[in-house]
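J.: Model the full structure from these sequences, guided by the hints.
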Amino acid sequence: MSTDDATESTGSTESAESAESAESADDAANGSGPPSAAATRLSSVLTVWWATSPVAFILSARLTVWSHDHGFLWGPATVLAWVALTGAVAAPVAGLVLAHAGGHRRARRRFAVMSAVSLVVCFLVLLFFQFAVECRPGEPSCSP
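Position 100 of the sequence shown, counted from 1, bears residue number 100 in the numbering used here, the numbering being contiguous throughout.
Any given hint could turn out to be false.
[Stated by the list, open to error] Label-pair restraints from in silico Cβ distances:
#, residue 1, residue 2, range
1, R62, A37, 34 to 40 Å
2, R41, E139, 30 to 36 Å
3, E139, R106, 17 to 23 Å
4, F128, T86, 17 to 23 Å
5, H68, A90, 25 to 31 Å
6, Q130, R41, 37 to 43 Å
7, A51, L126, 36 to 42 Å
8, V65, A112, 31 to 37 Å
It is worth saying that the hints were derived from the structure and are not from the lab. Glycine included, each C-beta is placed from N, C-alpha and C at the ideal position.
T.: Below is the structure:
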């Protein structure tokens, strides 16, 4: 191999490297590059918040039952209920916004599934409460 061949091969390697760096810069500008560490951490926090919402809801329901005997439990039960509600509703929406702004497809899919599950659960809870408040006609406990 001559000196000219070595220069040509080095030049082609440099041009390939510059093309790859230009593509990765375009990917980063379009948001399809690797997610930043802060976005990954925030995405994880939102996922954990959403995943713990059912636990917070069950604990708030249990504390509400116990608060009939012990009045001091009403405050923590209310806080846990709001944490569960906002975790089920706000966490998937915030995650979708974060993933869409960052252009990260995996996170978008995950938060879209979380949103669908939350929507179904909220619909079923509303349906349950609709049927739970119904009374049979003529039942004395339901008369005004």
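J.: Hints first: check each against the structure and report whether it holds.
T.: Status of each hint after checking the structure:
1. R62 to A37: 34 to 40 Å: About 37 Å separates the Cβ atoms of R62 and A37, which means 34 to 40 Å holds.
2. R41 to E139: 30 to 36 Å: Since R41 and E139 have Cβ atoms about 53 Å apart, the given range 30 to 36 Å is violated.
3. E139 to R106: 17 to 23 Å: Once the Cβ atoms are compared, 52 Å apart, the range 17 to 23 Å for R106 and E139 is violated.
4. F128 to T86: 17 to 23 Å: The hint (17 to 23 Å, Cβ to Cβ) holds, given that F128 and T86 are roughly 20 Å apart.
5. H68 to A90: 25 to 31 Å: Roughly 30 Å apart at Cβ, these two residues keep to the hinted range, so it holds.
6. Q130 to R41: 37 to 43 Å: holds (39 Å)
7. A51 to L126: 36 to 42 Å: Cβ of A51 to Cβ of L126: about 22 Å, so the range 36 to 42 Å is violated.
8. V65 to A112: 31 to 37 Å: Hint holds: Cβ distance 35 Å, inside 31 to 37 Å.
Hint compliance for this structure: hints 2, 3 and 7 are broken, all remaining hints hold.
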